[in-house]
Amino acid sequence: MTRFGAFLTVLLAALVLLAAVPRSEAAEIRPLVDALGKGGYSELDAAIGALAATGDPAAANVLQALGDGTLQVRKSDGAVFIVRETGGSFTLVDPVTGAEAGTESRGGLERIRVNNRVRRTIAAAMGSLTLMSPEISQRRAAVETIFRSGDPTQLPLLDEAIARESDPAVKQAMVEARASAVLKSDRPEADKIAAVDTLRTRGGQDALALLTAASGTATGALKAAIDEAIGTIEGTLRLWQGAQNIWYGLSLGSVLLLAAIGLAITFGVMGVINMAHGEMVMIGAYTTFVVQEFIRTSAPWLFDWSLAIALPLAFLVAGAVGVAIERGVIRFLYGRPLETLLATWGLSLILQQGVRTIFGPTNRQVGNPSWMSGSFQIGELAITYNRMWIIVFALAVFAILILVLRYTPFGLQMRAVTQNRPMASSMGIRTPWVDAFTFGLGSGIAGIAGVALSQVDNVSPDLGQSYIIDSFMVVVFGGVGNLWGTLVGALTLGVANKFIEPFAGAVLGKILVLVFIILFIQKRPRGLFALKGRAVEA
Amino acid sequence: MFKKTSRFLAALATAAVLGAGVSGASAQEDTIKVGILHSLSGTMAISETTLKDTMLFLIDEQNKKGGLLGKKLEAVVVDPASDWPLFAEKARELISVDKVSAVFGCWTSVSRKSVLPVFKELNSILFYPVQYEGEESERNVFYTGAAPNQQAIPAVDYLMNEEGVQRWVLAGTDYVYPRTTNKILEAYLKAKGVAAEDIMINYTPFGHSDWQTIVSDIKAFGSAGKKTAVVSTINGDANVPFYKELANQGIKAEDIPVVAFSVGEEELAGIDTGPLVGHLAAWNYFESVDTPENADFIAKWKAYIKNDKRVTNDPMEAHYIGFNMWVKAVEKAGTTDPDAVIDALVGVSVPNLTGGYSAMMPNHHITKPVLIGEIQADGQFDVVWNTPGLVVGDEWSDFLPDSKDLISDWRAPLSCGNFNVATGKCGGS
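Residue numbers (our numbering), protein chains in the order written: chain A, 1 to 538; chain B, 539 to 967.
Treat the hints loosely; a few may be bogus.
[Stated by the list, open to error] Estimated spans, in silico, between C-beta atoms of each pair:
id	chain 1	residue 1	chain 2	residue 2	range
1	A	215	B	729	40 to 46 Å
2	A	523	B	700	53 to 59 Å
3	A	522	B	847	28 to 34 Å
4	A	432	B	847	43 to 49 Å
[To be verified] Computed list of chain A residues with no C-beta within reach of chain B, every gap over 10 Å:
id	residue
5	94
6	97
7	132
8	232
9	294
10	298
11	320
12	351
13	360
14	374
[Said to hold, decoys possible] Quick list of in silico lysine-lysine cross-link-like pairs, DSS-like style, CA-CA up to 30 Å:
id	chain 1	residue 1	chain 2	residue 2
15	A	510	B	757
16	A	223	B	571
17	B	610	B	721
18	A	184	B	790
Just so you know, the hints here were simulated from the structure itself, not pulled from any lab data. This structure is a prediction, so every number in the text was calculated from the model and none was measured. Ideal placement from N, C-alpha and C gives every residue a C-beta, glycine not left out.
Given the sequences, and given the hints that come with them, work out the whole structure.
Set out below in structure tokens:
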């Protein structure tokens, strides 16, 4: 109700403002607005240009609506309106005056379609229209589009905007946008060389693109200046490339770590070859899906918390399945690795097909909460939020696991049982229950890995399969029975993979890493961090 | 223990064969059987299960109209489980045990190649509904999906003419369809005067999930001052993380558009398409196409599957066309005998869902319109361009040196799938 009230106030204010606009101007752009609804994409392109050329502030609203897809044509008379849909009825709003102009049925309207070319024209037009907007964010966006289009006709406008700009960062961006436009204009060579200098200081891939394009047509001193600037920027970019590879490697490594860390317990500590480990990851991912689905239908405001809610549930669900598997199957097979392998493989197929029957064979959509979408820039390094949080999360899970094993009674019992079962049993530890809970812990951790992986991968019944080989690889490489080995192994493999990939491609890169591991295991059969002493024999 | 199990298995197998044989014999009198050979488990289940449902839906519709030749149609569904050799076994079972009159099935090219010898040997009919790389024309197979000239080449033309693209990334999954398609596209682009350094080719394994490096490579490749586009033949599950990474690294369709050949409505159902608006796909059908035939098809499909959220896609339309062609050909021939039906199929023309007619050509490929669509925020495609008329599927590409002299015509007297016009002989290059 209050929202509606606020909306009304805004509408009234807008009406008052618009009423102040001289009538003649509104009448002048109306035919230009109606022209948007006629003809194909090329005509639409031209009409946008004509509309933007008026410099009328109302034109910005019209173009914004066009980009958003809310601008529609009334079929009966070809008039163009902004259309608001509220509960099945369509309200027409005059795009120039902002006044409501009755309603219309769905069949009586046709949306003005835009394609990529038109979207680019809209962005460029919006750039020139909003360059002097009072909103700083709009000015920043405007300057960004002008920088990329580098339209020389914008130069007078840019000069005026630079003179009026008060924010130093936006002013700097405007100077750079001006340099990009100067480079494409027919200004004298000295101006252009100054522009090249500005772009070189800015650096980055965008500047490189502009300079490379300009290099083709330049001659003499200008060409020399451009080529030198390209060299400088490329040098800097190469350094950043190294940093980027390390970052990507850590990110891949953290995904491997998450997938492998549960296996490091069931296989590494308990010695159970658990082929159904990947399916525990999948169960965790599906738990996230169910939680999000529930939140979407009954509590949408909780959406940003969906992962936090899914974490404990995924741990409990996957852990419970793990305990059930241990009690139901694996405990009868201790000491018989081949049979364990076959039995757990069969279980993995059963779990997959079960999930396929319940949830269907198609991918399920797990959304990214707002704090996990998008990216930010450090120098030339684009860091995506979801990858960053997964690295943090993987390290946190690892730290908690180490603490649990080291400082809790359960951790102590677990280590005791795996090191010397008869002795632990004589001390009064109920070894079968410790086995069950250890297996449950490993499975539960796989489950919370599934919550994280649902953010970067498909949630489908096959999710687990793609991680099982990688997980075994990490555990064996790092050293069976050593959690620190798993950490180092995962991160090493991740970084190595990312340094090989640019040269060898993704397919060959994977093969090379496998060959490397095989050779490494020949040399050190017990992995990076081999256990020493009597524990090895147990 | 081992012996006992094997004896038990043998007994079980005999019982199964006997059972199937008995039911097959008794049912043969009053029904015409149609085989459905789509994976219902394994990696391809995500795409193929829908096609199985589509076939059951089409057969159900036909039975409501009174069946075929006065008999009811009966669907025989088998599950080849995304396992390529198993496709051949299941095809053999469908033809020789269940005695089906025609088979509708397969998705990946490797599964099609695996069943080919079976269909030749037992002389049956396969309808293959998926876009593929071409370079094949068999007497027993009818290709209702797009050949490269009905999808890939028009898409590249669109980008070149409408978006002014000069620099190309050809990204694909590492198997036969993307490799052959990219070979054709590379030859085509070079013929159009694109320099070798303006083409970047990249392959990734099935199910690739870490796209950070490749997406940032694409970004770097696109910063050479020329308009860049990505032509994606990435298949299956790998698309979701690929598009997520594109969105996260902020690659917008206005800067570097991605045109995909394997991403349809079904694949987008698992992604939030908000950040992907404007990326493209080339198909011969989109659910958003506004024709009465399509509206009718969608309404009936949703009623049959009892789910309002299910989408329709291009391979479904291919099955719709293929099934109706088969029905028409059987009516024309008056029998389900494979030889008669194969001859009757050429020249059959049925309505497609985009407001025109599709005809079966002598090379066993069909005529289709080509549509380019842009992804919308609601997971649907908005058609931004289409060919003015229908395009005939070209099985042997004109842009590859090995196949440019080959043609296919299965009508008598030529009856050859790879006739060489240069040497005047049937039998390839």
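Checked hints:
1. A/215 with B/729: 40 to 46 Å: Check failed, 27 Å falls outside 40 to 46 Å.
2. A/523 with B/700: 53 to 59 Å: Roughly 57 Å apart at Cβ, these two residues keep to the hinted range, so it holds.
3. A/522 with B/847: 28 to 34 Å: Taking Cβ atoms as reference, residue 522 of chain A and residue 847 of chain B lie about 53 Å apart, which means the hint is violated.
4. A/432 with B/847: 43 to 49 Å: 46 Å, holds
5. 94: With a cut-off of 10 Å, residue 94 of chain A remains clear of chain B, as the shortest Cβ separation is near 25 Å.
6. 97: 28 Å, holds
7. 132: Check passes; 23 Å lies beyond 10 Å.
8. 232: At about 15 Å from chain B, residue 232 of chain A clears the 10 Å cut-off, so the statement holds.
9. 294: 17 Å, holds
10. 298: 18 Å, holds
11. 320: 25 Å, holds
12. 351: The claim stands: residue 351 of chain A keeps its Cβ more than 10 Å from every Cβ of chain B (closest is about 12 Å).
13. 360: 8 Å, violated
14. 374: 6 Å, violated
15. A/510 with B/757: Measuring from Cα to Cα gives roughly 23 Å; hence the hint holds.
16. A/223 with B/571: 73 Å, violated
17. B/610 with B/721: Roughly 45 Å between the alpha carbons, so the hint for residue 610 of chain B and residue 721 of chain B is violated.
18. A/184 with B/790: 24 Å, holds
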